[in-house]
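Same order as they appear, the protein sequences are chains A and B.
Mind the numbering: the first sequence is residues 1 to 254 in my numbering, read in order.
Mind the numbering: the second sequence is residues 1 to 243 in my numbering, read in order.
Some hints here could point you the wrong way.
[As the list claims (entries may be wrong)] One-sided excerpt, in silico: chain B residues whose CB lies under 10 Å from chain A: (1) Y47; (2) F55; (3) H74; (4) A78; (5) I183.
[What the hints assert, rightly or not] Over 10 Å on every C-beta distance to chain A, these chain B residues come out as not near it, computed from the model: (6) L62; (7) I119; (8) H210.
By construction, these hints were calculated from the structure, which means they are not laboratory data.
From a predicted model like this one, the values you see are computed outputs, not experimental measurements.
Virtual Cβ for every residue (Gly too), placed ideally from N, Cα, C.
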Amino acid sequence: MSIALSRRALVTGASLTAASLLSGCDRLNNNPTFREALFTTENFHRWAQRSLSDRHSLAREFSPEDMSPFFRGNGTLNPNTEGYKALWRNGFADWRLQIDGLVNRPLSLSLAQLLGMPHREQITRHDCVEGWSAIGKWRGVPLALLLKAAQLKTNARYLLFHCADNMDSAHPYYESIDLVDAFHPQTILAFALNDEPLKVLNGAPLRLRVERQLGYKQAKYLMRVEAVSDLRQIYGGKGGYWEDVAGYEWYAGI
Amino acid sequence: MSSTDIRPSIIKRHRLSTRLWHWLNVICLATLFMSGLGIFNAHPRLYWGQYGANFDAPWLELRRFPGWITLPGHYSLADARHWHLAAAPIFAFALLLYMLWSLLNGHFKHDLAFRKGEIAPRHIWQDILDHARLRFPTGEAATRYNVLQKGAYNKLLFLFLPVLIFSGLAMSPGMNAAWPWLIDIFGGRQSARSIHFIAAWATVAFFLVHIAMVILAGPLNEVRSMITGWYKVPPEQEGSARS
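Make a model of the complete structure from these sequences and hints.
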């Protein structure tokens with residue numbers, strides 16, 4: 001009897017504890033102070049990963065037979081703005097990439113000019129934060145090359161990537177990386193995927209590849225690269241569209 | 001202690017390090033499992049190999065896990081990731097410390113290593129029969145882990161938990177660049193993701209058996225021994241399991 005009672009008490013107690021813990025966790029999840037603490041663990045991961053790896057340690061490069069049969073698109077599959085449609089209709093002949101902000105020599109480059117610059121080709125794995133991966137062959141201009149041409153000022157700390165897609169809110173898609181990733185040899189502005197010019201669903205005419213980070217960092221439909229000293233004054237202040245809107249990590253090497 | 005001694009004896013069963021680690025694990029593993037399901041819900045398909053996305057064939061495709069078992073209770077990949085990535089290093093370093101400490105204080109050698117004769121098929125068979133008949137060790141035998149118990153703890157400690165940690169690390173693109181060999185052990189990122197999922201459910205299977213055993217063996221005494229360390233040894237009985 002007493003054993004039965006204690007077992008029933010135990011089961012009831014356990015279920016009540018579980019239920020209160022669950023609602024407690026959800027309350028914690030919405031508590032601003034707790035969220036801030038939770039979000040700082042991103043800094044630990046960035047510090048640990050950067051400590052364990054060389055500044056220039058490379059992402060794995062695959063051979064052609066390892067490639068995904070189809071490289072799916074995600075996020076915006078077509079910016080569909082009047083401005084973008086006009087550029088697309090004209091085969092991006094009128095499109096220009098602006099490189100400005102904290103640079104000594106602002107640049108405005110056409111697609112033809114980018115195609116005429118030295119290229120890097122890399123078959124790498126694209127990892128979406130959702131969990132899927134696709135392997136594709138990218139070709140593009142190393143970002144380091146463009147930054148050297150534009151001559152970064154000494155107070156430049158981040159590169160901001162402005163995109164043509166507006167998402168569904170007031171501000172457009174944007175992303176940012178620090179100088180460690182900006183000067184990484186595999187960080188390129190890609191204009192070709194699998195030996196073809198970038199398709200609209202993959203970010204035509206130009207997209208960023210930061211191979212040691214997740215998919216949402218690989219900004220598509222690039223319009224402008226801006227060198228800045230601080231991210232906190234820009235849009236939502238978290239350094240990227242998904243970082244601002246949903247609270248994803250700015251450092252997406254995790 | 002002799003079998004004629006009718007007073008139940010109270011012994012110190014669990015070390016402080018074991019107890020602390022045990023309860024920290026309860027918090028960490030619950031957080032990791034529930035937030036892990038929240039992350040899985042973003043793409044509830046599993047693949048083998050280096051790549052795998054919507055147009056590739058999954059070996060497993062599920063519906064989203066319900067809110068009562070995910071953390072947070074509503075769908076938020078970003079929040080689930082924050083919980084998961086906050087709990088993961090605490091869990092991993094606690095396991096590392098516990099392993100080092102258990103090596104130094106003799107816990108592994110004295111309590112978890114199999115003894116001579118223990119892994120003889122006859123002995124293991126006897127232990128299986130005892131478990132099946134729900135006959136739990138009493139007297140002196142109850143002060144030690146039995147062979148199935150050791151097997152279960154060792155599998156968790158040296159297989160499931162390390163596999164969880166390393167397959168988790170293997171999914172990180174930053175770690176892939178830092179430790180390229182790690183992802184090769186698992187045969188690619190999507191394989192690592194599948195193995196992570198399997199190891200998580202293997203740990204849940206351990207948990208369910210563990211809880212069942214605690215309840216059957218006397219929940220109050222067992223739980224108390226894991227909180228305070230003190231365990232009331234069931235008096236020796238005829239016909240009960242020997243060791």
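Do the numbers back the hint for H74 (chain B), that is, is its least Cβ distance to chain A under 10 Å?
8 Å, holds
Hey, is I119 (chain B) genuinely clear of chain A, shortest beta carbon separation above 10 Å?
34 Å, holds
Evaluation of the interface hint that places Y47 (chain B) against chain A, nearest CB under 10 Å
Interface hint status for Y47 (chain B): holds (8 Å vs cutoff 10 Å).
Chain A contact restraint on F55 (chain B) - CB to CB distance below 10 Å
At 5 Å from the nearest chain A Cβ, F55 (chain B) passes the 10 Å test, so the hint holds.
Decide, holds or violated, for the assertion that all CB atoms of chain A are farther than 10 Å from the CB of L62 (chain B).
12 Å, holds
Holds or violated: I183 (chain B) as interface residue toward chain A, Cβ cutoff 10 Å?
Because about 7 Å separates I183 (chain B) from the closest Cβ in chain A, which is inside the 10 Å limit, the hint holds.
Chain A versus H210 (chain B) - minimum CB to CB distance exceeding 10 Å, so not interface:
Correct as stated: the minimum Cβ-Cβ distance to chain A is 14 Å, above 10 Å.
Would the hint on A78 (chain B) be counted as holding, given a Cβ-Cβ threshold of 10 Å to chain A?
Result: holds, 4 Å to nearest chain A Cβ.
No hint from the list above goes unmet by this structure.
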